[in-house]
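Sequences listed follow chains R and A, in order.
Going by this note's numbering, the first residue of the first sequence is number 1, and it counts up by one from there.
Going by this note's numbering, the first residue of the second sequence is number 1, and it counts up by one from there.
For the record, the hints were derived by calculation from the structure and aren't laboratory data.
The beta-carbon is built from N, C-alpha and C at its ideal position, and this holds for glycine as well.
Please note that a few of the clues may not be correct.
Pairwise CB distance ranges (calculated) [stated by the list, open to error]:
hint	chain 1	residue 1	chain 2	residue 2	range
1	R	Gln16	A	Met96	23 to 33 Å
2	R	Met1	A	Met98	39 to 49 Å
3	R	Ala19	A	Gln44	18 to 28 Å
4	A	Asn43	R	Thr39	24 to 34 Å
5	R	Gln2	A	Gln44	30 to 40 Å
Cβ-to-Cβ under 8 Å is the rule here; a few derived chain A residues that face chain R [said to hold, decoys possible]:
hint	residue
6	Ser32
7	Ala36
8	Ala64
9	Ala91
Listed next, the stretches of chain R that the computed footprint assigns to chain A, with coverage defined by at least 3 CB atoms under 8 Å from CB atoms of chain A [claimed, not checked]:
hint	segment
10	75–82
11	115–122
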Amino acid sequence: MQVLQMSLDAATLRQQVYANNIANAETPNYKRQDVAFETYFQQALNSAPQAQMGETHIPLSTSGSTLNNLPNVQPTVYTDTSSTVDNDGNNVDLSSEMVDVAENQVKYEVLAQDLSTRFQRLTTAIQGG
Amino acid sequence: MAIQGVQSVLSGALGQMTSSTQAPASGQPSFSDFLAQELDKVNQVSDTADQLAQSYATGGSVTASQLMVAEQQASLAVDMVSQVASRVTSAYQTVMNMQV
């Protein structure tokens, strides 16, 4: 439940960031931003607890990370400098932003549906059908 | 899928109930064992749904359809337990209100 809520928050934030990217698609020298959330989790789950991960290092508890003991990861906004830059110093690709928005929207809807199913289940358990 | 176990649940439960005046035959689980076993299965279904949800939320290789099917299975299992509980209670009350 906790993870689902955090993930929903991340999806909301991501939607805002992508909207901002699209709004600034013609702004000279604007660099697109993105939200890092899932990658943090995947790195944390795949690597040893004490592994140093440079900039994206997450402080993990000494007990290590299992599925039941997920690291407390906050979604973070970062500036993407890896993609190609236009003549005006802008690296926003409008169509790829649109694809990202659509993808994020699907994820948001699935998560919202999932949370709603879970709340419904709890209601059933409490009220006894 | 745990829901398909309903048929065997019913036949097993009825068989146990009708023969409950005798001591349970060796090798056959008692009714309470049986109930506990089925509850464990419901728990497993729910755990699977939890794991899939966690994996989906953290960017794992779980598709939306897999997650939705698992969640619906878990919900159905919980509904099933809830219904069984209320039916058992109502059966108990029916027996208790009988004039002897």
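So which hints don't hold here, by number, going up?
1, 3, 5, 6, 7, 9, 10
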